[in-house]
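Turn these sequences into a full structure, and let the hints guide you.
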Amino acid sequence: MLIAIDKRGSINLPSAIRKELGLETGSYLELEVVEGGAINLHPVSVHRAIRLNEEGIEKLREARKSGKDKMPGWLIEEMKNAGAGSKQEVP
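All residue numbers for the sequence shown refer to our numbering, where the first residue is 1 and numbers rise by one.
Some clues are possibly wrong.
Between beta-carbon pairs, the in silico distance windows are [stated by the list, open to error]:
#1 43 / 8: 40 to 48 Å
#2 3 / 79: 28 to 36 Å
#3 5 / 77: 52 to 60 Å
#4 59 / 27: 16 to 24 Å
#5 77 / 43: 34 to 42 Å
#6 72 / 48: 41 to 49 Å
#7 77 / 38: 47 to 55 Å
#8 48 / 23: 17 to 25 Å
#9 36 / 5: 14 to 22 Å
Under the rule of at most 30 Å between Cα atoms (straight-line distance), these lysine-lysine pairs were calculated in the BS3-like manner [what the hints assert, rightly or not]:
#10 65 / 80
#11 80 / 59
#12 19 / 7
These are computed hints drawn from the structure, not numbers from a lab. Here the structure is a predicted model, which is why all the values come from computation and not from measurement. Note that beta-carbon positions come from the ideal geometry of N, C-alpha and C, so glycine has one too.
Here it is, written out as structure tokens:
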């Protein structure tokens, strides 16, 4: 498949390829230049970092002190009420 580079250095991926890979506006691709000059593009998911205020950092410290096998009750309750859209149940 032949595609052109525009004056800004951008390329357009044909819609058939975008649909096949599930790419939409705002999707990210990892670009890799391999031996011989070939270019590989790999779809990737980018997740934003979470910033905690002092209260959140203190709760995180408390959770870390509570041990590895049991989450503190307050954290379990907050996860249940977070409304993150996950269908999974919290233990």
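The hints, checked one at a time:
1. At roughly 22 Å, the beta-carbon separation of residue 43 and residue 8 lies outside the given 40 to 48 Å, and the hint is violated.
2. Range check, residue 3 to residue 79: about 45 Å between beta-carbon atoms, so the 28 to 36 Å window is missed.
3. Distance hint for residue 5 and residue 77: a CB-CB separation of about 53 Å, consistent with the stated range 52 to 60 Å.
4. At roughly 34 Å, the beta-carbon separation of residue 59 and residue 27 lies outside the given 16 to 24 Å, and the hint is violated.
5. At about 36 Å, the CB distance of residue 77 to residue 43 agrees with the hint of 34 to 42 Å.
6. Look at residue 72 against residue 48: about 25 Å separates their beta carbons, and that is not inside 41 to 49 Å.
7. Take residue 77 and residue 38: their Cβ atoms lie about 52 Å apart, and the range 47 to 55 Å holds.
8. Here the CB-CB span from residue 48 to residue 23 is close to 19 Å, well matched to the stated 17 to 25 Å.
9. Take residue 36 and residue 5: their Cβ atoms lie about 19 Å apart, and the range 14 to 22 Å holds.
10. A C-alpha spacing of about 21 Å is found between residue 65 and residue 80, which places the hinted pair at or below 30 Å, so the restraint holds.
11. For the hint linking residue 80 to residue 59, the alpha-carbon distance of about 16 Å falls within 30 Å, and the restraint holds.
12. Under the criterion of a C-alpha separation no larger than 30 Å, the hint pairing residue 19 with residue 7 is consistent with the structure, at around 25 Å.
Going down the numbered hints, you'll see the structure goes against 1, 2, 4 and 6, while the others check out.
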